[in-house]
Amino acid sequence: MKALILVGGFGTRLRPLTLTLPKPLVEFGNQPMIYHQVEALAAAGVTDIVLAVNYRPEIMTAALNKYEEQFNVKITFSVESEPLGTAGPLKLAEKILGKDNSPFFVLNSDVICEYPFKKLLDFHKSHGEEGTIVVTKVEEPSKYGVIVHKPNHPSRIDRFVEKPVEFVGNRINAGIYILNPSVLKRIELRPTSIEQETFPAIVKDGGLHSFDLEGFWMDVGQPKDFLSGTCLYLSSLNKRNPKALVPASEPYVFGGNVMVHPTAKIGKNCRIGPNVVLGPNVVVGDGVRIQRSVILENAKVKDHAWVKSTICGWNSSIGRWARLENVTVLGDDVSIGDEVYVNGGSVLPHKSIKQNVETPSIIM
Amino acid sequence: MLKVPMRGASASAQTPTKAVILVGGPSRGTRFRPLSLDAPKPLFDVAGHPIIWHNLKAIEKVESVKEVILIGYYDESVFRDFLKDSAREFPQLKIQYLREYQALGTAGGLYHFRDAILKGKPERFFVLNADVCCSFPLNEMLKLFDDKDAEAVILGTRISNDAATNFGCIVSDAHTKRVLHYVEKPESHISNLINCGVYLFDTETIFSSIKSTIKRRTERPRLIAYPSSENLESSYIGGEDDDDSSKEVLRLEQDILSDLADSNRFFVHETKDFWRQIKTAGSAVPANALYLQKAFQSQSEELAKPSANVLPPVFIHPTAEVDPTAKLGPNVSIGPRAVVGPGARVKESIVLEDAEIKHDACVLYSIIGWSSKVGAWARVEGTPTPVTSHSTSIIKNGVKVQSVTILGKECSVANEVRVQNCVCLPNKELKRDVANEVIM
Chain A
623 MKALILVGGF
633 GTRLRPLTLT
643 LPKPLVEFGN
653 QPMIYHQVEA
663 LAAAGVTDIV
673 LAVNYRPEIM
683 TAALNKYEEQ
693 FNVKITFSVE
703 SEPLGTAGPL
713 KLAEKILGKD
723 NSPFFVLNSD
733 VICEYPFKKL
743 LDFHKSHGEE
753 GTIVVTKVEE
763 PSKYGVIVHK
773 PNHPSRIDRF
783 VEKPVEFVGN
793 RINAGIYILN
803 PSVLKRIELR
813 PTSIEQETFP
823 AIVKDGGLHS
833 FDLEGFWMDV
843 GQPKDFLSGT
853 CLYLSSLNKR
863 NPKALVPASE
873 PYVFGGNVMV
883 HPTAKIGKNC
893 RIGPNVVLGP
903 NVVVGDGVRI
913 QRSVILENAK
923 VKDHAWVKST
933 ICGWNSSIGR
943 WARLENVTVL
953 GDDVSIGDEV
963 YVNGGSVLPH
973 KSIKQNVETP
983 SIIM
Chain B
124 MLKVPMRGAS
134 ASAQTPTKAV
144 ILVGGPSRGT
154 RFRPLSLDAP
164 KPLFDVAGHP
174 IIWHNLKAIE
184 KVESVKEVIL
194 IGYYDESVFR
204 DFLKDSAREF
214 PQLKIQYLRE
224 YQALGTAGGL
234 YHFRDAILKG
244 KPERFFVLNA
254 DVCCSFPLNE
264 MLKLFDDKDA
274 EAVILGTRIS
284 NDAATNFGCI
294 VSDAHTKRVL
304 HYVEKPESHI
314 SNLINCGVYL
324 FDTETIFSSI
334 KSTIKRRTER
344 PRLIAYPSSE
354 NLESSYIGGE
364 DDDDSSKEVL
374 RLEQDILSDL
384 ADSNRFFVHE
394 TKDFWRQIKT
404 AGSAVPANAL
414 YLQKAFQSQS
424 EELAKPSANV
434 LPPVFIHPTA
444 EVDPTAKLGP
454 NVSIGPRAVV
464 GPGARVKESI
474 VLEDAEIKHD
484 ACVLYSIIGW
494 SSKVGAWARV
504 EGTPTPVTSH
514 STSIIKNGVK
524 VQSVTILGKE
534 CSVANEVRVQ
544 NCVCLPNKEL
554 KRDVANEVIM
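Chains as they are written, first to last, in the numbering used here: chain A, 623 to 986; chain B, 124 to 563.
By construction, these hints were calculated from the structure, which means they are not laboratory data. Be a bit skeptical, because a hint or two may be false.
Calculated cross-link-like contacts (lysine-lysine; reagent style BS3-like; alpha-carbon spacing at most 27 Å) [claimed, not checked]:
no. : chain 1 : residue 1 : chain 2 : residue 2
1   : A       : K785      : A       : K826
2   : B       : K523      : A       : K976
3   : A       : K721      : A       : K688
4   : B       : K554      : A       : K930
5   : B       : K428      : A       : K924
6   : B       : K481      : A       : K922
7   : A       : K740      : A       : K759
Next up, chain B with everything else stripped away, as it sits in the complex (with noise of 0.2 Å):
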């Protein structure tokens, strides 16, 4: 009885793979202000640690990459120190990013730096979105390409259906998982399964087929394939924040995965796990919950021990400053050197570094920028929402506004006082009760 039940996951480990993060631009955070006023969006610690950070540990479970190319148009000194520390972190990955001198769009970047991905003849690689906080089944993704010898696999997951048409929506073949249909924000309702941002592409099907995209446009430039001006007025409105109608801009979800989808080895693998975008400031908040619990769930060392005032999951940076009488958790992150007086109670929340909560201070689903003070006997307080929910605002008294209450850089809410419901931009104090505001 001789099996051999690592003989595929061994063989396709030595199939070289790469994987590529997409991490966009310090024009496309606009909507994760005010937090993008002070740090790009994919450096923003959530769960104690940057977005990318989390997608480059799901990449490390993966045997056959070696190598990870973060594409963007941050100037180069953004991720230095980033990179410096990773390498530390991921000795086993050789990780760089490649600058775009201009936004090219998600499959325009790839294209563009196709020999750098292309160097080591890599079979296929992955390519993740930096805006999305989820598991990364990268090798549950992985066996499907090998299992079905696809060209392409994309990661979904069911949505409720009026969420639905807020995104990639896939038709699949429930039996043999086949994608036969793919529509980027439909404006009725086509299917609840939908794109979460993450790819593994054959290299040579990839690129053939963003080469012939482009040679299409260049042969057929204006014939741009927005259904109607209604979908194009709300794609615009959806805060798509680089200019889109440039041509130059080469999308992967609109313009490269419907082509896919008419051929026959695309292929979806579907996760039961969470998912989540990250795109407004307060989608940080329940993105550092999924994160915690997934840490928490793998006895992650990191975490803070459970106790009577700590309710887990809650990761305290080793140089916080975390009184024992204050009471924190579910869901909490206290960045570096930040301070939690007596008595405080934080809850759902994320204190970024050098931030101050003063004691008998209460604070509930919010964001405390860096180096801000919460006063004492203050409350500043956002309103749970549902977990099956993708939406970061709420309708309160019919009118719209964030659910999560997020202070920007160094910003003071004064002794006693409460603010509910707000964003605050940098450098604010607030001494009187606000609710429901933005605060400029």
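With the rest of the complex left out, here is chain A (with noise of 0.2 Å):
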């Protein structure tokens, strides 16, 4: 079995995070997000993987390695020169993707949720056609490009509506597919969409399939999302692997939904959660109250500070008393002071704040 995960650029949209670590690597409860993918597909016997990128920061290539190990698999990096979208690295990998005859898994690596690869590959073997979009369902699909079925049929894919102003149903992209290697016959190498061109030209054949995914879904590529999406994640967790959070007879444990990793430290009369993840090494005073984020790696939370919807960044510490909120994000080593209040803010790496940060904004 076979992978491709559209890492894409820098992904910008990430940033202040993603100016020390590439996307894949930014830990997502507790592992780099690439790691649950790489571990799911592993899981459904996937053997080589492609990592469709185009930048290769050597820092992957390390941590990729590891999972090659781990996981028994193959990575491959396939470098675009230019920009190619989202079909056209499937082109470019042709020669892996389409060594024989199996189909191959595609994801998007800002996709998180409880990814049903096996059952995916059931579902695609046994209608036998040419490709399987997992779908999932949403609250406002007038937002996202809409899922139509053929009359009377489950799951057999008639079009493509994008923003619907009115109902045609509640079905999206996920952003995972399984395809056949003759899709690939479809795409040309250049810069070019899996959305907009190639599943258009599969639906007019009658050839694509959906695929109803359960449970959670986030696209995480913005800290709002990632935020959320980490919520969700760690609910998720609570049901499937509780063993991996915090019990809640913890004295400091608050509504539940806290994964802690065994090498950080926290101190008395504290009140974490819900929805907290705290990295390796993270240091958590007396009396800090935090909930609805995540603290990165070797990061300090001093005594009394009050924390949430933020993501605090590796190395980066919180004054005491000091109170962050409002999806602020702390990039790598940022310092806040005492007593300083942050509302939004987005403060890059090294910086050091003095004074509060009233309105969300951007700190250089």
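Assembling the complex is the task here: the two chains are given apart, and the hints tell you how they should meet.
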């Protein structure tokens, strides 16, 4: 089995975090985003993984070498010299994806969910046609591209409607596909979109099916969604694998869904949760309140601080009695002074903040 | 070599001198709301003591003053307890409160009670406005008075040019210190030396000056000396609370001082020390800071001992309960029976009687009203203003807001809620984050 992960560019939407690490290596639930994907693919029997990137950070090579060993897979970089959109990279990786007749997975690196690769493969085989795209149900379909099925058929796709004004359906493309190698013939080596060019062509021939995703789904490409996605992920873990979370009986846990790395330290009289991830070597002082936040490796949250809806970058420190909220994102090695208030601040790496940031802004 | 350095001072010590503190009345302190809704402004605690206690403390240091008269139009009962406490604390001073039957203006009040002031034939008397906060260098004023054989000495201070026109402006002869010209709240820049609201008058001179002003007014009643209608309006907006247009009202600043400036014996003592008005409720915070710093510099025993969790100066009332893990200061006063919980942080603030700050809460540049509660991890916050600023409002996003956050009596801020640059009237519960608002 083969798979291609669409990584793309620099992940500018997730800055300031991606100024320090490439997006696939930013930890989500205390593991790099790409880890979750590689793990799920390997579990479904994938042995060849292509990372479609249009830059090649050396730092990723080291991390991925580790995963090759850990999951017994082969990971190859496919580097675009110019951005090829969402379909072009498949053509570029044709040698690997088309090396045999088995279908291959394609997934968007920003998407987080309970990856259903095995069931997806079974379903794809069961209908025997060219492609299957994973779809997820949304509350407000008018914001997305919606999938419309053929009349009287539960999965065969009839057409796509971009941002429908009137209700035509509530299933949207979740950014995960399984495709037969024949699809590669439909794609030219140029910047091209899988959603707008390749899929409509397959639909025309009646060969594209949809597969309903179970559980949560989130595109975590930007900080706000990264936090929402973390909440969904932790809730899902709470059902699937509660051992990965801190038991609610811990006195500091408030409202559940708290993940604490074994090397993190927590002071006295803290109230943490719901929906908090504390990374490796994180130090939380006394009387700290954290909710709906991610604290990355080596960061420090000092005594009596109050942190909500915040991503605290690696090696950063949050001062005593500081208050951070409203999607505040601290890059690497940022320092927030004692008693400082930050409302929706995006703080670039190595900055030291000594005065209140009262309205959402970027601190260069 | 026989020096008698104390001669002048001791001679002056024998000259009978009185002091008058003008305390105003309940209709006067509207700009001190919401705090004046529950306490008369002169009795509001800053740095652990009522505002007028600080006046008495300064008067106490003037040897020749044995008697202090408070003049105002509050009900007598308002000052009863304060007078009782003060009699104990300042045994050498005879202190009484005289109530005006109506607001007479600062000069009108003095004149109305002239018999009480003249009793015992004092040659001179101090007049202190209760709504100023300063170091009250009364002995220095006395010295200048004696040196110059003055009829009047006014305390002046230099402030920034743009702020000066909000005050009474003094033009003086730099060399002789003589006052050449006095004008209250001028439209254009005249001087950055302003009236601190503290005076020393020759008894005969001041009463005859008031008397002749009254006479002039009765003869030519409608010629009130407003330079223009514009000025009239600005002084109205400026929040002069009482009915100034009444001809009964005679104010020292507007009606008397400019005439005195024509006399050759009106001098100004320029203080280099701190000075602030206590007009708005928010101005209690800088006043609190300045009086605390003064107490700290004079190594007052009253202040809390500096430590890792007490950044001086901090005043903690003996009946207050402050958890040792709470961090206080600088410039913090904690009132009687107030409770500050574990890991709380209080800075540049006044916490009044029976208030409670719960664990891990943070209170900055604020006043926490009597019996108010600040929840755990809540944040009540004002905005620091420059030390040189004489204003307690700031412009945020184009809107004028109070720099200090004030919770009136019996307000509560829920756990984890943030309140910033707000003025909250009494008995309100704040359950959501609020900023830049007046909460009715």
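Hints and how they fare:
{"no.": "1", "hint": "A/K785 with A/K826", "result": "holds (20 Å)"}
{"no.": "2", "hint": "B/K523 with A/K976", "result": "holds (24 Å)"}
{"no.": "3", "hint": "A/K721 with A/K688", "result": "holds (25 Å)"}
{"no.": "4", "hint": "B/K554 with A/K930", "result": "holds (17 Å)"}
{"no.": "5", "hint": "B/K428 with A/K924", "result": "holds (25 Å)"}
{"no.": "6", "hint": "B/K481 with A/K922", "result": "holds (24 Å)"}
{"no.": "7", "hint": "A/K740 with A/K759", "result": "holds (20 Å)"}
Every hint, counting from the list given before, is met by this structure.
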